[in-house]
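K.L.:
Could you build all of it, start to finish, from the sequences and the hints given here?
So the sequence shown is numbered by our numbering: it starts at 293 and just counts up by one.
Think of the hints as simulated: they come from the structure by calculation, not from any bench. Quick caveat: nothing in here was measured; it's all calculated off a predicted structure. Do not rely on the hints blindly, as some may be mistaken.
What the hints assert, rightly or not - Distance condition first, Cα-Cα at most 30 Å in a straight line; then the derived DSS-like pairs of lysine-lysine: (1) K436 / K398; (2) K324 / K362; (3) K425 / K315; (4) K383 / K330; (5) K335 / K346; (6) K393 / K320; (7) K346 / K312; (8) K347 / K335; (9) K354 / K320; (10) K312 / K393; (11) K393 / K324; (12) K425 / K391; (13) K346 / K324; (14) K320 / K335; (15) K436 / K393; (16) K391 / K346; (17) K393 / K425; (18) K335 / K398; (19) K312 / K354; (20) K383 / K324; (21) K347 / K393; (22) K425 / K383; (23) K377 / K347; (24) K312 / K362; (25) K391 / K320; (26) K320 / K377; (27) K436 / K425; (28) K391 / K324; (29) K398 / K425; (30) K315 / K354; (31) K391 / K362; (32) K362 / K335; (33) K354 / K324; (34) K346 / K315; (35) K362 / K347; (36) K362 / K383; (37) K391 / K315; (38) K354 / K391; (39) K398 / K330.
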Amino acid sequence: LYRLQLQEYEPRDILSRFSKGAKTATDKTIRKICLDCKICGGKLDSNSVDIAFKKHMGNNVKEMDFASFKQFVEGPLSQEYARAKGCTQDKAVADLIEKIKAGSPKMHGTTSVSNDRATQALTDVSGYTGSHKNRFDAETGKGKGLEGRTDHQDNSGYVGNYKGSGTYDKTH
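P.N.:
So, in structure tokens, the structure goes:
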């Protein structure tokens, strides 16, 4: 019964979500699935998952495909989960399938956007004065780049050191 539930929810979808579209999963991907789906915790840690992965794949093989992933969930991972949670292996398989179905990849090691007053004052370009206000577009608040930092002078002319081509008629 539980094996049918995992087949209904394609492991291809699971692996592609967590492995960024790859067709195989490494031990790192399996560890990420277990952490993000909240399978690890308590007595079952990521080391136990790594040991179960090595037990299933051996020392020479580094990646598993979709069929091997299903066997891994129903075999060594469910055994470790059942041992850690103190339940039967069938219950462990059912719990693992539900957690994997409900889980999704999380962002690890990212920082959130700062919303304190100092950051607001520095990023609000409407308060800039002098030459600094010329560095930003007034409507969008985006930087102008080099155009906003320097005054560009036309250095072309018909004689070697003559600068400002075409300005003679404007002054006379």
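K.L.:
Confirm or reject each hint.
P.N.:
Outcome of the hint check:
| no. | hint | in the structure |
| --- | --- | --- |
| 1 | K436 / K398 | 35 Å, violated |
| 2 | K324 / K362 | 16 Å, holds |
| 3 | K425 / K315 | 51 Å, violated |
| 4 | K383 / K330 | 16 Å, holds |
| 5 | K335 / K346 | 19 Å, holds |
| 6 | K393 / K320 | 19 Å, holds |
| 7 | K346 / K312 | 22 Å, holds |
| 8 | K347 / K335 | 18 Å, holds |
| 9 | K354 / K320 | 10 Å, holds |
| 10 | K312 / K393 | 17 Å, holds |
| 11 | K393 / K324 | 14 Å, holds |
| 12 | K425 / K391 | 53 Å, violated |
| 13 | K346 / K324 | 16 Å, holds |
| 14 | K320 / K335 | 20 Å, holds |
| 15 | K436 / K393 | 47 Å, violated |
| 16 | K391 / K346 | 22 Å, holds |
| 17 | K393 / K425 | 52 Å, violated |
| 18 | K335 / K398 | 22 Å, holds |
| 19 | K312 / K354 | 17 Å, holds |
| 20 | K383 / K324 | 22 Å, holds |
| 21 | K347 / K393 | 24 Å, holds |
| 22 | K425 / K383 | 65 Å, violated |
| 23 | K377 / K347 | 20 Å, holds |
| 24 | K312 / K362 | 19 Å, holds |
| 25 | K391 / K320 | 18 Å, holds |
| 26 | K320 / K377 | 23 Å, holds |
| 27 | K436 / K425 | 10 Å, holds |
| 28 | K391 / K324 | 13 Å, holds |
| 29 | K398 / K425 | 39 Å, violated |
| 30 | K315 / K354 | 13 Å, holds |
| 31 | K391 / K362 | 14 Å, holds |
| 32 | K362 / K335 | 23 Å, holds |
| 33 | K354 / K324 | 15 Å, holds |
| 34 | K346 / K315 | 19 Å, holds |
| 35 | K362 / K347 | 15 Å, holds |
| 36 | K362 / K383 | 16 Å, holds |
| 37 | K391 / K315 | 21 Å, holds |
| 38 | K354 / K391 | 24 Å, holds |
| 39 | K398 / K330 | 11 Å, holds |
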